[in-house]
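Residue numbers (the numbering used here), protein chains in the order written: chain A, 1 to 511; chain B, 1 to 283.
A couple of the hints might just be wrong.
To be verified - Computed beta-carbon distance windows for the label pairs:
1. B:G137 x A:F66: 52 to 58 Å
2. B:S17 x A:R92: 52 to 58 Å
3. B:V18 x A:G41: 53 to 59 Å
4. B:P93 x A:F427: 55 to 61 Å
5. B:P93 x A:F331: 21 to 27 Å
6. B:L178 x A:F427: 25 to 31 Å
7. B:N133 x A:S477: 52 to 58 Å
8. B:G137 x A:V14: 34 to 40 Å
9. B:G108 x A:F331: 54 to 60 Å
10. A:V481 x B:P93: 52 to 58 Å
11. A:V169 x B:G137: 40 to 46 Å
12. B:V18 x A:F331: 51 to 57 Å
Because the hints were derived from the structure by calculation, they are not lab data. Note that the Cβ used here is the ideal one computed from N, Cα and C, for glycine as well.
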Amino acid sequence: MKRSVLGSLRVSPVVVMVAVFAATITALPLVYLFIQASSRGLDNVVEEIWQRRTLNLALRSLGLAFLVTLSSVVIGVLGAFALVRTDLPGRRFFAVALVLPLTMPSYVAAYAWISWLPSLAGFWGAALVITSISYPFVLLPVMAALRRSDAAQEDVARSLGMRPWRVAVRLTLRQIRPAATAGALMVALYALSDFGAVATMRFESFTWVIFGAYRAGFNPTRAAILSLVLVALSIALVWAELFVRGRGGGQSAKVGAGVRRQPAQLQLGAFGWVAASFALIVSLVAIVIPTSLIVRWFFDAAESGIDWEELVVAAAKTVAISVVATVAVCFLALPTGILAARVRARWAQSAERVVFVVHALPGIVVGLSVVYVGVRLAPSLYQRLPMLIFAYVVLFTSLAVGSIRASVEQSPESIEDAARSLGLTRFEVMRRVTIPLAWPGMLAGAALVFLTVMKELPATILLRPTGMDTLSTELWSRTSVADYAGAAPYALALILVAAIPAALLTRTRET
Amino acid sequence: MNPILEVRSLTKAFGTSVVVDSATLSVGHGQILVIVGPSGSGKTTLLRCIAGFERPDRGEILIDESEVVGPNVFVAPESRHVGYVPQEGALFPHLSVAGNVGFGLARGQERSGRIADCLELVGLSGYEDRRVNELSGGQQQRVALARAMAPRPRLIVMDEPFSSLDAALRPEVCSDVLSALRGDAATAIIVTHDRDEALAVADVIAVMMAGKIVQCDDPVSLHQSPASEEVALFLGEVDLTSGPVRNGEVTTPLGTFQVGSDASSSFADVIVRRGMNRVFPAK
Chain A
1 MKRSVLGSLR VSPVVVMVAV FAATITALPL VYLFIQASSR GLDNVVEEIW
51 QRRTLNLALR SLGLAFLVTL SSVVIGVLGA FALVRTDLPG RRFFAVALVL
101 PLTMPSYVAA YAWISWLPSL AGFWGAALVI TSISYPFVLL PVMAALRRSD
151 AAQEDVARSL GMRPWRVAVR LTLRQIRPAA TAGALMVALY ALSDFGAVAT
201 MRFESFTWVI FGAYRAGFNP TRAAILSLVL VALSIALVWA ELFVRGRGGG
251 QSAKVGAGVR RQPAQLQLGA FGWVAASFAL IVSLVAIVIP TSLIVRWFFD
301 AAESGIDWEE LVVAAAKTVA ISVVATVAVC FLALPTGILA ARVRARWAQS
351 AERVVFVVHA LPGIVVGLSV VYVGVRLAPS LYQRLPMLIF AYVVLFTSLA
401 VGSIRASVEQ SPESIEDAAR SLGLTRFEVM RRVTIPLAWP GMLAGAALVF
451 LTVMKELPAT ILLRPTGMDT LSTELWSRTS VADYAGAAPY ALALILVAAI
501 PAALLTRTRE T
Chain B
1 MNPILEVRSL TKAFGTSVVV DSATLSVGHG QILVIVGPSG SGKTTLLRCI
51 AGFERPDRGE ILIDESEVVG PNVFVAPESR HVGYVPQEGA LFPHLSVAGN
101 VGFGLARGQE RSGRIADCLE LVGLSGYEDR RVNELSGGQQ QRVALARAMA
151 PRPRLIVMDE PFSSLDAALR PEVCSDVLSA LRGDAATAII VTHDRDEALA
201 VADVIAVMMA GKIVQCDDPV SLHQSPASEE VALFLGEVDL TSGPVRNGEV
251 TTPLGTFQVG SDASSSFADV IVRRGMNRVF PAK
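Working from the sequences, and respecting the hints, build out all of it.
Here it is in structure tokens:
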């Protein structure tokens with residue numbers, strides 16, 4: 001028997017092979033994006049980039065991302081602090097209401113607002129809508145960080161003479177900084193990559209212009225070049241976050257055993273009602289107003305008659321496609337997540353990182369890249385279901401990898417060692433020990449993928465087979481011709497169907 | 001009788017630091033070998049090499065006279081028939097006690113009988129259907145042992161099996177484990193940093209320091225004639241004194257002692273323990 005790298009690994013060679021395969025196919029579209037962008041020569045690339053309109057475009061998109069991120073961090077951090085650490089009136093209600101917008105697709109919220117206040121169209125409308133659905137990306141991790149943080153540190157600060165509010169600012173903010181920056185990164189990436197809200201609000205940001213260049217301008221090369229610029233911006237953001245987090249520290253150094261204790265609640269007093277009104281306004285803007293507007297349009301539509309059959313067919317197709325995509329994503333994400341959790345060698349970690357870098361890519365870019373792959377590698381599959389599923393796999397594998405990795409890491413490696421010493425091969429250990437133990441986390445990851453696939457818009461528009469209408473594309477085709485009443489049933493159906501995996505997610509988080 | 005386990009000049013380095021440095025060992029049938037040493041001395045790594053979770057850089061390991069580690073040979077842990085009891089027990093939390101103990105057994109008629117036997121050996125008869133998180137730390141450790149014994153491995157290795165237990169509980173669990181191993185005529189290697197534990201349970205003790213096995217002997221000989229000053233210091237409460245050597249005798253405030261054959265230096269350290277003394281040439 002020869003010494004081999006695979007032989008001494010903790011994981012089965014099958015796992016390694018599937019993980020490498022997953023990293024390769026997720027990176028493939030990016031390669032084709034480069035090929036397409038440079039198809040008219042490098043001079044053309046430089047010329048396209050060094051244009052005043054490209055610079056303006058970048059400034060507009062970055063301005064949107066900056067404003068959305070800033071307001072999301074303010075809302076998310078204040079909201080999390082109020083929910084976890086204070087006696088905010090109506091805390092139980094707000095704990096649900098403030099998280100709900102996470103399930104609201106951006107184009108649904110945008111459609112609701114613009115159908116009511118057409119003057120919102122443009123920068124401010126896009127900023128409002130994207131903030132209102134993406135601040136939970138900050139709220140949730142900061143809430144988790146506040147629950148995790150050790151009260152003893154804050155007690156010590158109090159005993160050293162610091163007043164409660166100063167403790168909150170000096171110590172608590174530092175404890176939540178890694179969670180807040182990670183959340184801010186997600187928001188910024190989301191703001192750069194969102195297509196539905198900016199398209200509905202007719203705000204000329206990167207994604208909308210890329211779509212226009214490809215669809216209306218029939219200029220795939222310009223679309224590819226602009227996509228590359230957007231990719232560069234996204235990757236720069238990921239780097240910036242790594243830099244900020246690297247210096248942040250923020251982990252509590254815990255000495256010895258002992259149980260973490262929850263810190264005392266801050267008494268808000270009369271200020272409580274100010275805080276509660278703030279929370280109320282956020283939930284009104286983020287969830288109550290858009291939903292009630294859609295419900296109002298729905299009754300308008302009901303009066304003139306709804307094509308129920310078309311609606312049910314679209315809902316069924318949406319669920320079916322999402323199920324297939326979720327299964328495909330999980331099949332590829334499982335080995336990548338296990339590999340990243342169990343093998344610390346650099347090559348294994350980079351398999352995970354490839355998947356994550358691709359996750360920073362906007363849906364419109366991945367959709368376009370998959371079109372290019374399809375045109376060059378498999379023309380017969382273009383606008384067929386496999387290509388659409390492929391795009392979902394590229395877009396969302398990282399979502400599942402994250403939760404799979406985290407849930408595998410929760411059980412110690414020695415459990416797997418014990419199983420192997422009892423005569424199980426590495427593959428059997430994975431089947432009988434690793435996967436059963438990580439099962440709840442994997443289900444949560446699958447629910448997240450399912451939810452996200454269902455909401456996906458740009459790649460679906462670009463790649464859906466002809467005649468294959470999902471809830472999101474039906475909604476899109478109606479809102480883009482200002483048929484607001486006709487769009488309402490699809491918007492409501494989308495919200496309702498999305499509520500199922502969302503409810504599953506909150507349940508698994510609690511237990 | 002031929003040894004169950006033979007380790008020959010085994011070396012394992014992580015990067016540039018040599019963790020196990022040409023270690024040599026052998027364990028006979030039914031023996032309990034304890035590897036003892038200060039933390040960081042490479043005990044756990046040696047144990048993991050034997051179980052197959054680490055791949056040594058050099059050296060050989062033979063189990064039951066067949067080579068499992070050698071030049072161009074590396075047998076996977078699942079094919080070695082070495083039962084492994086990790087530090088925290090590492091029970092499978094998704095299985096019952098019986099599910100844990102029977103994990104390594106093939107499905108068949110003998111399965112439930114062997115589970116019951118092993119649970120009886122560790123003093124946990126009737127616990128089959130319990131969930132493992134309902135058990136105390138000592139009970140969990142005993143289930144982990146039963147799980148390792150169940151498939152009748154050629155050798156059982158235990159990594160600091162008692163270190164996570166309460167000090168008050170340790171002697172009791174320790175003697176339960178010992179009688180279970182003896183009851184099944186099992187061969188075992190136990191790693192510990194606790195010298196009292198080592199002296200209490202071992203047939204043979206291997207003292208490991210800085211990656212090397214510095215002495216391997218039965219507890220009594222080890223106690224009475226430690227091979228070096230470090231071993232003596234590690235193994236028990238001692239007093240240390242010294243004095244000049246003249247005519248094969250060293251003179252100290254405690255009296256004059258005979259110096260052994262290796263008395264070439266002019267100054268000697270004397271280690272005094274109740275019932276014994278040893279003289280080492282001064283450094």
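Consistency of the hints with the structure:
Range check, G137 of chain B to F66 of chain A: about 53 Å between beta-carbon atoms, so the 52 to 58 Å window is met. Between S17 of chain B and R92 of chain A the CB atoms are about 54 Å apart, so this pair conforms to the stated range of 52 to 58 Å. Take V18 of chain B and G41 of chain A: their Cβ atoms lie about 57 Å apart, and the range 53 to 59 Å holds. About 21 Å separates the C-beta atoms of P93 of chain B and F427 of chain A, a value inconsistent with the hinted range of 55 to 61 Å.
Look at P93 of chain B against F331 of chain A: about 26 Å separates their beta carbons, and that is inside 21 to 27 Å. The hinted range of 25 to 31 Å is not satisfied by L178 of chain B and F427 of chain A, whose Cβ atoms lie roughly 36 Å apart. Distance hint check for N133 of chain B and S477 of chain A: the Cβ-Cβ separation is about 54 Å, which falls inside the suggested range of 52 to 58 Å. Taking 34 to 40 Å as the suggested C-beta distance range, the pair G137 of chain B and V14 of chain A conforms, at roughly 36 Å.
Between G108 of chain B and F331 of chain A the CB atoms are about 33 Å apart, so this pair departs from the stated range of 54 to 60 Å. A beta carbon spacing of about 56 Å between V481 of chain A and P93 of chain B agrees with the range 52 to 58 Å that was offered as a hint. Distance hint for V169 of chain A and G137 of chain B: a CB-CB separation of about 42 Å, consistent with the stated range 40 to 46 Å. Separated by about 42 Å at the C-beta atoms, V18 of chain B and F331 of chain A break the suggested range of 51 to 57 Å.
Checked against the numbered hints above, the structure breaks hints 4, 6, 9, 12 and satisfies the rest.
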